[in-house]
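Novice: One letter stands for each residue in the lines below.
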Amino acid sequence: MSLYPDLKEGTVVVDGIDVRFYDSQRGNGEPPVVLLHGMEGSAEKDFWALFPMLAFTRRVITFDFGLPKDGQDLTLEHCVAQAQAVIEKLAPGSPVALVGYSFGAVVAEATAARKPDLVASLVLIAGWMKTDRHQLVRNGIWRELAQSGSSALSDFNLYSSYSAHYLCARTERDFQEIVEKSRRSSISPVVIKLSDNIDIGAEVQTISAPTLVVGCIHDQIVDVSHSRELFGAIRDSRYVEIEAGHAVVQERPAELFMLIDNFVAAPHATSPGDVYATSTP
Amino acid sequence: MMNSQNVLADNEQLQKEAERVNVAIIGSGFSGTGLAIQLKRSGEESFVVLEREHSLGGTWRDNHYPGAACDVQSHLYSYSFKPKPEWSRVYARQPEILEYLRDCATSEGVDRHMRFDSEVLGAAWIEESNEWLISTANGSYLARVLVTASGHLSDPKYPNIPGIDDFKGAKFHSARWDHDTSLEGKRVGVIGTGASAIQIIPEVAKVAGKLTVFQRSAPYVVPRMDREYSTAEKNMFARLPHTAEKLRRDLFWAGEARFPQRRGIESFISRVEGLALDHLADQIKDPDLRAKLTPDYAIGCKRVLISNEYYPTYLRENVELETQGIERITENAVVMKDGSKHDLDALIVSTGFETSDLPISHRIHGTDGLLLADHWARGEQAYACSTVNGFPNLFIMNGPNSGLGAGSIIFVIESQIDYILGALDYLHQNGYTRMEVTQDAEMDFAAMIDRNAQGTVWLEGGCKSWYVDERNGRLSTIWPDFMSRFRDSNGVFRPEAYEVRSLAEQKV
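Same order as they appear, the protein sequences are chains H and F. Residue numbering for the first sequence is 1 to 281, as defined by UniProt numbering. Residue numbering for the second sequence is 1 to 508, as defined by UniProt numbering.
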């Protein structure tokens with residue numbers, strides 16, 4: 001994988017599942033950043049831009065969620081155990097800056113609630129804590145298209161992932177690249193099934209880590225209202241919105257990077273309840 | 001060059017005649033005009049803008065060559081505090097940009113503070129009164145604070161080619177275009193293939209009888225995604241200003257996301273390199289010509305250029321690309337290293353600007369008469385890209401490490417304006433009349449720049465560019481980090497790095 005020069009790769013086995021991890025190794029003395037990818041993704045697909053940006057100044061670790069063999073159900077417990085195993089293997093004894101995106105944000109919430117000692121700070125990007133009707137409709141369409149083998153599946157993913165404005169502002173070349181990328185990627189049905197049934201609101205309220213919640217204004221997969229509620233649920237949290245669709249890691253990676261980098265460097269530089277203003281460049 | 005020490009020799013007489021102001025700004029381009037506007041908006045009235053020419057505009061006044069346009073989208077390449085919903089197209093051309101700058105100055109009333117035909121001949125720090133004495137071609141000034149806003153791309157640089165002065169035909173630098181010289185049907189040579197040259201070449205090719213382009217190294221060129229804005233869009237931007245602000249942010253963050261290209265990240269480099277090389281392959285089919293136009297260094301080491309017209313120009317019958325290297329120039333020809341010769345009627349020199357040895361630094365004398373250029377003899381550096389030990393109450397805009405590899409210089413300029421206004425406010429609030437950055441702070445800052453520069457394409461990309469100072473190998477003109485970091489680092493005044501004092505009887 002070409003996320004970063006001199007990347008260390010390896011595997012940990014958790015619950016009999018292989019989990020592939022990636023580590024930039026060099027850091028600046030601050031807690032390493034651990035990135036948790038989304039439903040559709042691999043670490044590389046979601047973090048090809050964010051990982052190197054962060055790795056210029058700090059150690060960055062990420063991994064691909066491993067799925068159970070033989071079609072068994074994936075559980076949130078599996079995912080938390082994988083995050084825990086990677087953290088304890090690569091950064092034993094010191095808490096990390098845990099950054100979750102989309103489904104990875106759900107895992108990050110559960111990890112921060114259940115294993116507070118692992119987490120120095122928490123960033124939740126386009127996350128949620130209780131699956132709502134809007135998401136169920138989407139998952140239903142996805143299931144229907146996947147089961148019927150429809151070629152519309154990748155277009156549906158593209159259509160719901162990106163903001164309309166972003167897609168329309170691309171050059172033809174860049175748009176075709178997005179289309180190709182969308183055709184190559186796939187979501188496992190077990191991940192969709194797990195995402196149908198997320199309901200961890202009570203746990204999220206127990207999160208004590210300083211937290212930055214990032215909502216995406218044009219998100220059609222996880223409506224921005226979920227991020228606003230997370231901001232309400234987590235005591236020591238601040239909030240910011242980005243003008244992007246769910247694919248914020250593709251649409252505005254540099255803005256996301258600046259927010260994460262500044263926050264994890266000094267999580268208490270801002271106060272609980274702060275709402276970041278949109279800056280004018 | 002005029003000896004600025006001599007200019008200031010009759011110090012007492014100059015001081016007697018001098019007009020006293022709080023702030024003197026050298027230069028009326030985007031930096032100087034922008035600072036003037038924000039100064040005035042902050043309530044400051046006691047300031048002058050000293051301009052050597054007889055009108056404002058800096059780069060956009062001087063570079064009026066055919067085809068001159070900006071390589072940054074206009075909704076980003078304009079002041080955030082003076083938005084213009086009516087930009088005619090994505091990448092405005094020179095006349096529209098110059099008109100914008102003039103409108104800004106007029107509508108904000110800063111044109112009244114501009115002193116034209118007032119080239120700064122010398123400036124000296126007067127310790128007794130904590131002021132700068134500034135001698136110009138048109139009167140002298142005493143200023144509490146001096147700001148150089150004289151640009152990084154303002155003094156043409158000519159190539160050191162034997163015999164270039166012997167050439168008898170028309171000859172001018174692209175930044176000093178001679179519109180009285182008709183190139184119609186002439187045999188024209190263009191030296192250089194940088195950002196200006198690739199805009200000029202397609203235009204000259206249309207009128208010249210024969211055009212020969214002398215290339216030292218081929219640039220990377222990507223498509224220019226330009227178009228006119230519709231009336232509907234322009235009205236939308238005017239009626240719903242947040243739509244224009246959103247566009248500005250989209251453009252800014254897209255530029256910001258290109259930075260990893262400059263830091264050796266393969267996934268970023270391969271995308272932009274593919275874009276450039278595919279653009280070349282799409283437009284140039286002949287393999288020999290394509291080879292000549294293919295760069296031999298890592299992308300981003302020099303500025304990545306944008307044009308749709310540049311490559312097709314070489315498909316014209318009357319255009320030739322010469323890559324052998326120039327041996328010398330005669331009265332009427334350019335002679336190549338392989339002995340071949342190009343007879344020419346006119347020669348256009350488009351070889352860039354004095355960047356590593358800023359001309360203004362040869363005219364500014366700090367404490368104990370120290371010349372800024374001598375202080376910088378082994379290379380330029382400045383704390384927060386703005387201030388220099390030994391030069392109290394002096395701010396440098398667009399100076400050391402203030403250039404960008406990908407992005408809008410207006411963002412840098414606005415950051416520096418904020419920094420200067422913060423410093424002025426600090427002086428004023430505390431009654432100080434003298435501030436000087438400590439040597440330690442300046443050295444630590446330079447070391448930080450050096451650390452960030454390691455691993456960048458500018459140092460490791462295998463090209464010779466104006467970003468690197470030949471004297472010390474330091475990356476001295478460009479900011480080797482994200483633009484946002486420029487604003488974090490250099491856009492907010494922090495007094496800790498400064499020694500401050502006051503003249504008891506004399507307050508700002």
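Do not rely on the hints blindly, as some may be mistaken.
As the list claims (entries may be wrong) - Anything over 10 Å on all C-beta distances counts as not near chain F; from chain H, calculated:
| no. | residue |
| --- | --- |
| 1 | S160 |
| 2 | R173 |
| 3 | S182 |
| 4 | E243 |
Stated by the list, open to error - If the Cβ cut is set under 8 Å, some of the chain H residues that face chain F in the computed set are:
| no. | residue |
| --- | --- |
| 5 | E9 |
| 6 | M53 |
| 7 | S148 |
| 8 | G149 |
| 9 | A152 |
| 10 | S154 |
| 11 | F175 |
| 12 | M258 |
FYI, nobody ran anything at the bench for these hints, they're computed from the structure. We put the CB at the ideal spot given by N, CA and C, even for glycine.
Novice: Hint by hint, say whether it matches the structure.
Specialist: Results of checking the hints against the structure:
1. S160: holds, 20 Å
2. R173: violated, 7 Å
3. S182: Check passes; 17 Å lies beyond 10 Å.
4. E243: Not fine: 6 Å to the nearest Cβ puts E243(H) too close to chain F.
5. E9: violated, 15 Å
6. M53: holds, 6 Å
7. S148: violated, 34 Å
8. G149: This interface hint is violated because 31 Å lies over the 8 Å limit.
9. A152: violated, 28 Å
10. S154: violated, 21 Å
11. F175: This interface hint is violated because 12 Å lies over the 8 Å limit.
12. M258: holds, 5 Å
Taken one by one, the earlier hints fail for this structure at numbers 2, 4, 5, 7, 8, 9, 10, 11, listed in ascending order.
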